[in-house]
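Following the hints, complete the assembly by docking chain B onto the known chain A.
Protein chains: 2
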Amino acid sequence: MNKNGYNVAVVGATGAVGVEILRVMERRKFPVANLKLLASARSVGKKLDFNGKDYAVEELNAAAFAGIDYAFFSAGATRSREFVDAAIKAGAVVVDNSSAFRMKEDVPLVVPEVNPQDLQNNKGVVANPNCCAAILAVAIWPLHKEFGIKRIVVSTYQSASGAGAQAMAELEDQVKSHVEKRKIEKKVFPHQIAFNLFSHNTKVAANGYNEEENKLIEEIRKMFHEPNLPIVPTCIRVPVLRAHSESVVIETEKPVDVEKARQVLAKSPGVKLVDNVEQNHFPMPLEATGDLDVLVGRIRKDLANDHSLALFVSGDQLLKGAAWNAVQIAEELIKAKA
Amino acid sequence: MNKNGYNVAVVGATGAVGVEILRVMERRKFPVANLKLLASARSVGKKLDFNGKDYAVEELNAAAFAGIDYAFFSAGATRSREFVDAAIKAGAVVVDNSSAFRMKEDVPLVVPEVNPQDLQNNKGVVANPNCCAAILAVAIWPLHKEFGIKRIVVSTYQSASGAGAQAMAELEDQVKSHVEKRKIEKKVFPHQIAFNLFSHNTKVAANGYNEEENKLIEEIRKMFHEPNLPIVPTCIRVPVLRAHSESVVIETEKPVDVEKARQVLAKSPGVKLVDNVEQNHFPMPLEATGDLDVLVGRIRKDLANDHSLALFVSGDQLLKGAAWNAVQIAEELIKAKA
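If you read the sequences in order, they're chains A and B.
In terms of our numbering, the numbers along the first sequence are unbroken and rise by one, the last being 338.
In terms of our numbering, the numbers along the second sequence are unbroken and rise by one, the last being 338.
Be a bit skeptical, because a hint or two may be false.
If chains are identical, the list can't say which one is meant, so a pair holds when it fits in one copy or spans any two.
[What the hints assert, rightly or not] Here are the simulated DSSO-like pairs of lysine-lysine, each with C-alpha atoms no more than 30 angstroms apart in a straight line:
id, residue 1, residue 2
1, 272, 47
2, 272, 187
3, 145, 46
4, 301, 150
5, 29, 123
6, 104, 301
7, 203, 104
These are calculated hints, taken from the structure and not from any lab test.
All values derive from a computational prediction rather than experimental measurement.
So that you can see chain A by itself, here it is in the shape it has in the complex (with noise of 0.2 angstroms):
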């Protein structure tokens, strides 16, 4: 840090998360002294502003990282095994927004709501979480440090920015081709997306869970410190812009008081309670978009189980589900330094 601040690189800054990591520094002043934007060759030259002023897009190679203290990566797994160890090398400590290094022992994946103290042992990169597991950690984990969380049952409503700003384009396409009467084209999603939904396109393992719902269960095990905590993930796609919903019912250790979980979300960093039973207002997808926090609601009891509790969930993919978790892992970091 010199006395302005931060050198400052995001790579992959065109995409859709990439352009919300600008948003969200500049929202939270987030000391910049110097920003270096990277993206592939085709990029090169495009503009980006940042705080009133344009940057243009460098092309991203080991050398770009010299003299850089925080490095977001948000350009896909596979630029980010290409490029992070040149990073590390370089001096910078990454936050890895792909699912490269979420996985790997050594390397801390963070929510930090959740496990801030998992910063502490980061070799140079910490990796953000997927989407869906940043979301639900949010709205869960105050609940797990309350009743103690056996098993998770959840179903989502996931937006169509998870698959980038060319699959919300799509979902604006197929919208106005609807319209307009014309024949609708898929290009990124392998199913129509306008008025339809469907199991999310990543592929179905063995276990019979897709990528994005293994995922889910492996990193919320991870983020909880709870390596064998069941989960049953259903991870659906639908014709939403940019904000993820879920459906979740947890079952608990202790006996559930749905009061009690009111009030614990309601003091609860990163959750906005929004629980209006008399004018049936609840978690929605366009109220949680551009929003920091998650919002939780519709939490009552399994009329059979005094030992479950179900509620609904929204938070913006693009900001607590990447580009805001991402940019609060770095303020996280500075913190600890300070």
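Leaving out everything else, chain B in the frame of chain A:
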């Protein structure tokens, strides 16, 4: 019945479900001798096509049921409470699509694939279940017979059609406004439905569950003759036009077996197995639309529990969730008399 078939009345003929009842009767070659279309005063004189012939809508009143053999009611619970008795007194058998009689002890609530035997106890009226309950019942009844279901956790992805033709139009209008960059207006739903989703907009009861969720609980229990079956439902409205989807996790008496579950479902009436792991092709509302069958797939075991199975279901809300199940009930009643 005369030699040409039965005298049939459709109450609420101009509504989303009413129109589908006509289409399903055509498709099934339901033996209609005379057809009477009934609706409120405001629809009188409108003409609807049935088997290539125009029928004028007549006003719904107690005298309208003279000579009717089968009356399909789909005009809401208030209309049903007002006129079902008159239809029965006139000698008709009523299939009622509203919630008015579903939970009455002396009224059978029937999905023909599940509890056709209950039809025998009808006293002139048979209730057609809530759309989510009907679709869920078809999908899990074969698994209940095979493995013995002890608990159900279900999250729904309900289309606009469940709230009627005006709600479908509202989704179309909002999407059009979005494309044309006009202000999005709400008339039918309390929240924007385009690019959004929200907790089902029925009143939340003292038990913490909304009306839709309580219907799901009570109706599955009644049809399955399992008055205490634990069910944890979360009902969510999504921006899909007309088929409902459901993410379901069941817990069972006997250990589950994925292959056995697939075999059982593949040969179950009313079920279409859509479970292509290689092609990542599973139930989707777009493919369920227009299908009389319920699509079932994503069949997999709970990784931590040998007595638990997950699946994903899509069914046409207007068909198996309403019109088709109603016509099917009438078909069963006719078969039983033959």
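Status of residue 123 relative to residue 29 across identical chains (alpha carbons, at most 30 angstroms) = Within one copy, since 26 angstroms is at most 30 angstroms while 71 angstroms is not.
For the identical chains here, do residue 203 and residue 104 meet the 30 angstroms Cα criterion within one copy, between copies, both, or neither?
-> Within one copy, since 21 angstroms is at most 30 angstroms while 47 angstroms is not.
For residue 104 vs residue 301, is the C-alpha pair at or below 30 angstroms within one copy, between two copies, both, or neither?
-> between (37 angstroms within a copy, 26 angstroms between copies)
When no copy is specified for residue 301 and residue 150, does a C-alpha distance of 30 angstroms or less occur within a copy, between copies, both, or neither?
-> Classified as both; 15 angstroms inside a copy, 18 angstroms across copies.
Alpha-carbon proximity between residue 145 and residue 46, which holds within one copy, between copies, both or neither at 30 angstroms | neither (46 angstroms within a copy, 62 angstroms between copies)
Between residue 272 and residue 187, at a C-alpha cutoff of 30 angstroms, which is it: within one copy, between copies, both, or neither?
-> For residue 272 and residue 187, only the inter-copy Cα distance (28 angstroms) is at most 30 angstroms; the intra-copy one is 36 angstroms.
Under a CA distance limit of 30 angstroms, which applies to residue 272 and residue 47: within one copy, between copies, both, or neither?
-> neither (35 angstroms within a copy, 52 angstroms between copies)
The structure does not agree with the numbered hints 1, 3 stated previously, though it agrees with the rest.
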